[in-house]
Amino acid sequence: MYDELDTIDEEKKIYRIARTRQRATGDLGHVMQIRDNSCRLLHHLPDILNRWREHYSVMCNEELPHPPIPSAISVLGPVPPIQEEEVASALATTRNGTAPGPSEIWKIGGGEGTQWLTSFLNELITEGKLPKNWTTSATVPTWKGKGDLADCMTYRPIRLLCHTMKI
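For the sequence shown, the working numbering begins at 345 and goes up steadily by one.
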């Protein structure tokens, strides 16, 4: 067995197997402790939630350097109405089983559902208002697969939005 480890490829295979086994045994259903800014472990749910809120508040509001936005000619006039074909095409490209709650109904609504949704979206454009639940999202921290499980920086934020808004 040790003779087979003489090649670099076989050695890499051993490390790959070890990493896979280690990830398979990790239970990441939910984080029960996280570190605050002073590296103190937090164990109580309200403290943990406040830490995540603080972390993402700083992370999402931090100004990063970026190139200036080029100027463009303004487009005047009304926004053209959304066509049923556009909505049907957008619905056809969404994956099944990915929308939480009632949002999945648009996939099975058929022609009548597409027609109603098109009318609704055009009404929103005309009024210039969005439903309240379209303006909020839930942020779920997802571990990147490396680093300290108790460190907020080793998590990637996944934003869950209302599925209808994406159409």
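Misleading hints may appear alongside valid ones.
Unchecked claim - Cβ pair distances, simulated, as ranges:
| hint | residue 1 | residue 2 | range |
| --- | --- | --- | --- |
| 1 | ILE417 | ARG439 | 22 to 30 angstroms |
| 2 | ARG384 | SER463 | 53 to 61 angstroms |
| 3 | SER463 | SER401 | 36 to 44 angstroms |
These aren't lab readings, by the way, just hints derived from the structure by calculation. The structure displayed is predicted, hence computed values, not measured ones. Where a beta carbon is used, it is the ideal one built from N, C-alpha and C, also for glycine.
Hints, one by one, checked against the model:
1. ILE417 - ARG439: 22 to 30 angstroms: violated (37 angstroms)
2. ARG384 - SER463: 53 to 61 angstroms: holds (54 angstroms)
3. SER463 - SER401: 36 to 44 angstroms: Between SER463 and SER401, where Cβ atoms are some 38 angstroms apart, the hint holds.
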